[in-house]
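Undergrad: Below are the chains, spelled out letter by letter.
There are 2 protein chains.
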Amino acid sequence: MRIATVAPPAGHGTTAAVAVEGRWHALPAADLCELLASGAALVPGAEIPGARPVLPLPRPGKVICCGLNYADHIAETGRDVPAYPTLFAKYADTLLGPGEDIVLPDRDGLQLDWEAELAVVVGTQLRHATPAEAQAAIAGYTVANDISVRDWQRRTLQWFQGKAWDATTPLGPVVVTPDEVDPTAGVDVICRVNGVERQRGNTRTLVFDSAALLSYVSTFTVLRPGDVVLTGTPGGVGMGMEPPTYLRDGDVVETEIPEIGLLTNTVRIA
Amino acid sequence: MRIATVAPPAGHGTTAAVAVEGRWHALPAADLCELLASGAALVPGAEIPGARPVLPLPRPGKVICCGLNYADHIAETGRDVPAYPTLFAKYADTLLGPGEDIVLPDRDGLQLDWEAELAVVVGTQLRHATPAEAQAAIAGYTVANDISVRDWQRRTLQWFQGKAWDATTPLGPVVVTPDEVDPTAGVDVICRVNGVERQRGNTRTLVFDSAALLSYVSTFTVLRPGDVVLTGTPGGVGMGMEPPTYLRDGDVVETEIPEIGLLTNTVRIA
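Sequence order for the protein chains is A and B.
Throughout the first sequence, residue numbering follows this note's numbering, covering 1 to 270 in sequence.
Throughout the second sequence, residue numbering follows this note's numbering, covering 1001 to 1270 in sequence.
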């Protein structure tokens, strides 16, 4: 199934929804965070004509990211295949919906880079979970772009300050349940900038797959319904280009996993 | 003033409270997160006889930590004085109240270390704030211990997984408002393990003081009432000892800033 948080064509508010034959039908919650927390079954309600997906998970308690998880991206950074996942945290404020602009201040040297990623959404609470338990707790998968401010990321040893700018991480447009998509078997993760393909990786090459990441994280902290884990980005980021290339005002970033959907976001340097 | 989240001697629930002549008087909220978000004035209500402080801020949206902020601790790690604060994130699940046990699983090589810190509590929303604006937005100061799992912290380049174990970061016991304590002028930050003093630093030697940290963070993300920033730890951590020394089952960790209060927490390896 394909589930989303949708906005009606007019009026206020959002609704959780499920797609039935290409049309959005209401689910009993204001958004997917609320829906997953409630544990409600995905029983389609009334159709919402003209609804469009917005940020599917507006306020996850945790957004945990894995770095260096694709063999080709690891090679690009000159590192060895890791024994443990490299993890860092974001807050929900970093998230941005499909179609929304990525707005950043006009500041000397703000090196804005792209990182297309598969994101996994937690469906049921996890702590000290095995990979099999973690797999069973996955609500679904969505698309993310961990837009990174490279100069801030490199200011210190810890990446957080380059990764936690508000409203810079596009997420969505929909969440696809595990019965419809299997990233371990492999889906392509693609980033295009102004129509030029810059990244294309396949999740079958992930060092740590979704279940492995959720299990590992659950060793030290609880994961709750609606929490999100970003699984890392494949090769082809701007800082790896010769010369390094960063996003500029007006650039259009397309982030796509064909089996899930497409995010289109425009960079605005204000 | 000294404010806290207190529990009555019997019964359920908690209440925000303010100390008047050494006795706790109710404030109109269940805890300090709720109180600060409400913007309510600190007008003492009825006395709560026998109340005791618990975790003052049970669910901050953000708990952001600064590493490498004391000149002596920086020297201990062999690094230069930094141009930018080294920042990393925690989630509210890491927090633990005064008197509560620090419980960790019995796992080979879990290297548990202490990091006494001054914590600053945000009182009003901040974004793109100057240091003066940040200073004016401080609700108060409290005590924290950023208990760290060193082997997990060192597994990868990013410290997060060694810093985000649930219920391992004691915080409290009270929050002291800026009219009563001035960390920029200097307060001692002390850690004792089983009665032996291991750390004593003074906040006047911080490279980045509270206002500088809040201002810097507000460049990239909004800070809201109840958010907490940990300002870093002075020299004297266990991993810097010869040989490196870590916490064991039954160890009593005392974390103190005399002008604010004392946290006493016992390590339980279960």
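In short, the hints are calculated from the structure, not lab data.
One or more of the hints may lead you astray.
[What the hints assert, rightly or not] Taking CB as the label site, the calculated pair distances span:
hint	chain 1	residue 1	chain 2	residue 2	range
1	B	His1012	A	Leu110	46 to 52 Å
2	B	Val1081	A	Pro243	30 to 36 Å
3	B	Asp1249	A	Ala46	36 to 42 Å
4	B	Gly1109	A	Thr264	33 to 39 Å
5	B	Thr1130	A	Leu110	43 to 49 Å
6	A	Val252	B	Val1081	37 to 43 Å
We treat Cβ as the ideally placed atom computed from N, Cα and C, and that holds for glycine.
Undergrad: If you check the beta carbons of B/Gly1109 and A/Thr264, does the distance land in 33 to 39 Å?
TA: violated, 46 Å
Undergrad: Has the hinted range 36 to 42 Å been met by the Cβ atoms of B/Asp1249 and A/Ala46?
TA: 57 Å Cβ-Cβ, so the 36 to 42 Å window is violated.
Undergrad: For the hint 30 to 36 Å, verify it against the beta carbon of B/Val1081 and that of A/Pro243.
TA: holds, 31 Å
Undergrad: Does the Cβ-Cβ separation between B/His1012 and A/Leu110 fall within 46 to 52 Å?
TA: holds, 49 Å
Undergrad: Is the distance from the Cβ of A/Val252 to the Cβ of B/Val1081 consistent with 37 to 43 Å?
TA: holds, 42 Å
Undergrad: Within 43 to 49 Å or not, the Cβ separation of B/Thr1130 and A/Leu110?
TA: With Cβ atoms ~19 Å apart, the hint is violated.
Hint check: violations occur at hints 3, 4, 5; the rest are consistent with the structure.
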